[in-house]
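Undergrad: Sequence:
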Amino acid sequence: MSTQPAKLLLIDGNSILYRAFFALPPLSNKQGQQTNAVYGFTLMLLKLLQEEKPTHLAVAFDKTKKNFRHEMYENYKGTRQKTPDELAEQFPMIRTLLQAFSIPVIEVDGYEADDIIGTLAKQAEAAELDTRIVSGDKDLLQLVSDKVHALVTRRGITDVDFYDAAAIKERYGGLEPNQIIDLKGLMGDNSDNIPGVPGVGEKTAIKLLNTRASVEEVLAHLDEVSGKKLRENLAEHHADAILSKQLATIVTDVPLDIDISRLVYGGYGVDTVVEVFRTLDFHSLIDKISEEISDSTAADNADVDEDGWTNIEYTRVTSPEQMDKVWRDLGGVTGCVFDFSDEDYHAANVCGVALATRDASFYISFEDELQLTHLQQWLKSAHDKVVFDIKSLAFALDAHGITIHSSGRWNDVKLAAYLLNPTDGEVELEEILARELNIQVPSIKKMAEHREAILCRIAQKLPDLYQHLGSALDAQTLDDLYRNIEMPLSFVLAKMEITGFHVNADRLRAFGDDLLGRIHQLTADIYADAGVEFNLNSPKQLGEILFEKLQLPAMKKTKTGYSTSADVLEKLAPYHEIVQKILDYRQLAKLQSTYVEGLLKVIRKETDRIHTRFHQALTATGRLSSSEPNLQNIPIRLEEGRRLRQVFEPTYDDWYILSADYSQVELRILAHLSGDEALIDAFRSGMDIHTRTASDVFEVAVEDVTALMRRQAKAVNFGIVYGISDFGLAQNLNIPQQEAKRFIEEYFRKFPGVKGYMDDIVQQAKQQGYVATLMNRRRYLPDIRSRNFHLRSFAERTAMNTPIQGTAADIIKLAMVQIDAALTKAQMDARMLLQVHDELIFECPADEMEDLTQLVREKMENAITLNVPLVVDISHGKTWYEAK
DNA sequence: GTAGTCACG
DNA sequence: ACGTACGTGACTACG
1 MSTQPAKLLL IDGNSILYRA FFALPPLSNK QGQQTNAVYG FTLMLLKLLQ
51 EEKPTHLAVA FDKTKKNFRH EMYENYKGTR QKTPDELAEQ FPMIRTLLQA
101 FSIPVIEVDG YEADDIIGTL AKQAEAAELD TRIVSGDKDL LQLVSDKVHA
151 LVTRRGITDV DFYDAAAIKE RYGGLEPNQI IDLKGLMGDN SDNIPGVPGV
201 GEKTAIKLLN TRASVEEVLA HLDEVSGKKL RENLAEHHAD AILSKQLATI
251 VTDVPLDIDI SRLVYGGYGV DTVVEVFRTL DFHSLIDKIS EEISDSTAAD
301 NADVDEDGWT NIEYTRVTSP EQMDKVWRDL GGVTGCVFDF SDEDYHAANV
351 CGVALATRDA SFYISFEDEL QLTHLQQWLK SAHDKVVFDI KSLAFALDAH
401 GITIHSSGRW NDVKLAAYLL NPTDGEVELE EILARELNIQ VPSIKKMAEH
451 REAILCRIAQ KLPDLYQHLG SALDAQTLDD LYRNIEMPLS FVLAKMEITG
501 FHVNADRLRA FGDDLLGRIH QLTADIYADA GVEFNLNSPK QLGEILFEKL
551 QLPAMKKTKT GYSTSADVLE KLAPYHEIVQ KILDYRQLAK LQSTYVEGLL
601 KVIRKETDRI HTRFHQALTA TGRLSSSEPN LQNIPIRLEE GRRLRQVFEP
651 TYDDWYILSA DYSQVELRIL AHLSGDEALI DAFRSGMDIH TRTASDVFEV
701 AVEDVTALMR RQAKAVNFGI VYGISDFGLA QNLNIPQQEA KRFIEEYFRK
751 FPGVKGYMDD IVQQAKQQGY VATLMNRRRY LPDIRSRNFH LRSFAERTAM
801 NTPIQGTAAD IIKLAMVQID AALTKAQMDA RMLLQVHDEL IFECPADEME
851 DLTQLVREKM ENAITLNVPL VVDISHGKTW YEAK
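Counted from 1, the first sequence has number 420 at position 420 by the numbering used here; the numbering is strictly sequential.
Rather than coming from a laboratory, the hints here were simulated on the basis of the structure. A virtual CB, placed ideally from N, CA and C, is assigned to each residue, including glycine. Certain hints may be false.
Unchecked claim - Derived lysine to any residue pairs resembling SDA-like cross-links, with alpha carbons at most 20 Å apart: (1) Lys605 to Asp653; (2) Lys495 to Ser406; (3) Lys741 to Glu699; (4) Lys581 to Ala566; (5) Lys571 to Lys601; (6) Lys601 to Arg711; (7) Lys878 to Leu516; (8) Lys147 to Ala165; (9) Lys446 to Lys581; (10) Lys714 to Asp688.
Stated by the list, open to error - Distance ranges between label pairs, derived from CB positions: (11) Val264 to Gln467: 27 to 37 Å; (12) Ser627 to Cys351: 37 to 47 Å; (13) Gly110 to Asn311: 48 to 58 Å; (14) Gly686 to Ile636: 52 to 62 Å; (15) Leu46 to Asn630: 45 to 55 Å; (16) Gln763 to Val700: 52 to 62 Å; (17) Glu606 to Thr824: 42 to 52 Å; (18) Lys741 to Gln467: 19 to 29 Å; (19) Ser663 to Gly201: 42 to 52 Å; (20) Gly201 to Arg642: 32 to 42 Å; (21) His238 to Asp164: 32 to 42 Å; (22) Gln322 to Gly266: 22 to 32 Å.
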C-alpha cells in the first residue's frame, strides 16, 4: 500500500495547451502545430505525474458561452444547432489523450478553467488537502494559501516556477496572494483585456498596495497618493479599476457536479497510452514510458501502416465480368482515387481509377473503352463516394466524355479540410492524410512500379479520412456549408471551367500590336529623357536613374532600395516629364505582357476559348480565386485596359454576354451584421451610399456633397470594411494621418453601431479564437492574442474584415448553386462563365435574355435575407466590354 | 525563390 | 512607440 500523502493536482488545461502552442516555433502546417502543442502538453503531464505523484488529479478547460453569431446562424437556418465545444475543435486529440491517461476532464458551460480550479481549490482547502495548481497564467496566484500552492510555467513548455505565499511576497514586493487581484485591477492585463488604470504599471501598483491593501482603499484615500498625474488617472479611472479587479477575480462557486473525492487518481494503463501515442506519432514518448510495455503489444501494431503500401491486395479489372464483381463487392462508402498526373491541371489525362472500401480494392484501367461505360453507371449511382478534389476530376473526366453530377453522392475531403482550416491555403491529399490520420504516403514517383497499389491504398483510407473530417465539420457546425454550398458549387465551377470563355484572338493580337508600337515610342522617349538606355522593367535600375542621375526627391524606400511604385511616381510627376512617360509605359507594358501575351498563350487553338481554373479551397476568407489564366483581374478601371474586355465574346454570333453584380454588397453586409440604424436607413433609402456617407460625415446636405467629399467618404467606407486604421486611410487618400483620424472618428460618431460591431467582433475573436461568417464559415486568428503589436493588429483587422468579405463569398456561392439548378430545370441554353467575387458573367442566346435577367436577379437578390435589401445590377452586350 | 509592381474585387 | 489598410495572381528582374 502506498504511504504517500494525499496531494491534489489541478491543471489549467487551456493555458498549458496554449502555452505549448505559442512556445513552439511556427509551423507552416497548422494541424502539425496543434499536434505539437498536444505533444508539449503531454511532456508537461508526464513530468508532473512523475515529480508530483498526485493522489488526486483533474484537468479543467474553458467552456465559453454561446455567442451571438451562433444565434444569428440559427435565425438564418431556422433550426437549432448544437453549441460547438471550443477546445475539442482546436485540439481534438487532447481528449483522446486525457482519456487514455484516465484523467478526469472538467468543463462547465459558461466558465473558464480558472473558475473551476478556484472552486476545487477552495473545496480542497476546506478538506485540508494539499493542492498544487498548474497554469501558465499568473492570475491563479490569487488562490495560493497554506494548503494551495501554484506552479506557473516559465520559458519553454515544462519549466515552472513554484509559488507559495512567501514566494509571491518576494516576487511582488510584499503583496499577499489575495492582493493579486488588486494588482491586476490597477495595472490591468493586456493579454486578458483587463484595462486597469493608464499610467499604472507593476511598480506603481505595488507601491500603492503597500500603503493601502486594496484597490478600494487606495481609491478611498487618493489624497495620500503622491504625483498629480497619477492621482488624476486614479480618480478618472475609478470605475475601470474596480471593474478590472472584478474581471481579475476568479469565481470560486462554480456549480460542479463533481467533488474532490471523485478526483482520486489511480494511474493509467500503459498499453492504452502507448496506443494513443502511436496514433499521434509521439514516438519519442513511447520510448519514454515503454519499459513496462510487453513486446507483443508493440509488435502487433507496428507494421500495419509500414508495409501496406506495396503489399495491398487489389483486383485489376480487365473484363466486364470482373466489373460485375466490383459492383457486388463495393458495398458501403467507397474511396476513389483517379489516376492522372496533377502537374498540368488543364491537360490532365486520366488513365485509371482506384476504388476501395475497407475490404476490397480495385484498379480499373481507362484503356478499355468498354469499362468506361460501366464505370460511368457507377459514378452516377447512389453509392457513397469519397474523393479528393472533385472539381479536378470532373474537369479531367470531361475530356473522356464522362460527366459527373452532384446527385452521385460525392464527398470531397479537400473541401472538408479547407473549411476546417481555411488559412492553410491549398493542401495536397498527402498532407491531409498525414495531419489527420498520421498516414505517410510514399512518393509515387519514386515507387512508380507500385503506383496502382499505392493508389488503391490511398483509396482505402479515404472513407476513414472523410469520416474523421466529417465529424469535425459537424462539431463546428460547418456541415451545412459543406453539404449545401461548397459540395454542389464544385460541380457548378467544374462546368464553368469546362465551358470556358470564347475570345476573339485576332482582335487580341491587333490590340497587342497597337500596344507594342506605343511601348516602343515611349521607351525611346524615356531613354532620351534619361540620357541613357537601361532596363525599364528593373525597379532597381529605374530607381538609380530617377533618384541619383536625375536627383528627384526619394519619397519611400523598400527593403532593397528606392520605391518606384505608381503612388510614388504620381507625386514625382510634376518634377520631370520622364515620370509620366514611365507611368504610361508601366501601364501599357502591364497590358501587353500580362494580358495580351498572357492570354494569347492560353487560348485553345481548336476552339478559341480560354478555360480558367477556379480555386475553391484556397483563400482564407472563403472567396474563390482564379488562375491559369486569372480571369478575375481583367482590367476595367482605366479605359485603356478595359478595352481588353472587347475580345471576350459569346460563343455564337447571335448570343450575348450578361453581367450581374451585387451593388455594395460588403457595406450592406456590414449594415446587417452591425445593425447600425443609420447605415441600414441609408441602404433602405436607396441612395448612393458614398454620397450619403459624405453627407453624414461632413454634415452637409446631400445635394451639397462635392466630388471630393464623395471620394473621401468612399475611401472611408472601404477602410471600414478592411478594418480601418488612420495610417491606411491617410495613405490611400494622400492626406495627413491626423486628418484621416478625424474622418474615422466622425464616421464612428455618425455610425455608432458600426463602431460597436468592430469592437465586439475583435473582442469575440479574442475570446473564442476565431471569427465566422453569416453561414458559419470560420477563420481562426491565433495572432489575436499575440503580444506582438504588428501581428495582433493584423489579426484585429482580419477579424473585422473576414466576416464581411466571407459572408459576401457565402452569398454569391449560394446564388451560383441556385442559378445553376434553375438553369438546368428550365432547360435553358444560357451558361454561367465567370464569377468575379461580387459579379457573375453569363452568355446566352438573344431569346433567353429576358428570362435570364429575371432568373439571375431573383436568385442573387434573394439568396439570403438581410435587414437591408440586396440589389443586383444587370446589363448585357455583344462583348464583355459592352456588358457594363 | 523572393521582391517589386500592378491588375482585380 | 509600435507600423498597417482586406483578399487574390501574373509578370519581370535578380541573386
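Undergrad: Check whether the Cα positions of Lys446 and Lys581 lie no farther apart than 20 Å.
TA: Violated: Lys446 and Lys581 sit about 53 Å apart, past 20 Å.
Undergrad: Look at the Cβ atoms of Ser663 and Gly201 and judge whether their distance stays inside 42 to 52 Å.
TA: holds, 50 Å
Undergrad: Honestly, do Gly110 and Asn311 meet the 48 to 58 Å range at C-beta?
TA: Holds, at about 53 Å.
Undergrad: Check the hint pairing Lys741 with Glu699 against an upper bound of 20 Å on the C-alpha distance.
TA: At roughly 17 Å apart (the allowed maximum being 20 Å), Glu699 and Lys741 satisfy the hint.
Undergrad: Tell me if the straight-line CA distance from Lys147 to Ala165 falls inside 20 Å.
TA: holds, 10 Å
Undergrad: Given the hint of 19 to 29 Å, check if Lys741 and Gln467 actually sit that far apart at their C-beta atoms.
TA: violated, 53 Å
Undergrad: Between Lys581 and Ala566, does the CA-CA distance stay at or below 20 Å?
TA: Roughly 12 Å between the alpha carbons, so the hint for Lys581 and Ala566 holds.
Undergrad: I want to verify a distance hint. Is the separation of the beta carbons of Gly686 and Ile636 within 52 to 62 Å?
TA: violated, 25 Å
Undergrad: For the hint 22 to 32 Å, verify it against the beta carbon of Gln322 and that of Gly266.
TA: Given range 22 to 32 Å: violated, Cβ gap about 56 Å.
Undergrad: Holds or violated: Lys571 and Lys601, Cα atoms, limit 20 Å.
TA: violated, 36 Å
Undergrad: A range of 42 to 52 Å was offered for this pair. Does it hold for the Cβ distance of Glu606 and Thr824?
TA: violated, 27 Å
Undergrad: Is it true that the C-beta distance of Ser627 to Cys351 lies inside 37 to 47 Å, as the hint says?
TA: violated, 25 Å
In summary, the structure is inconsistent with hints 5, 6, 7, 9, 12, 14, 16, 17, 18, 20, 22 from the numbered list given earlier, while agreeing with the others.
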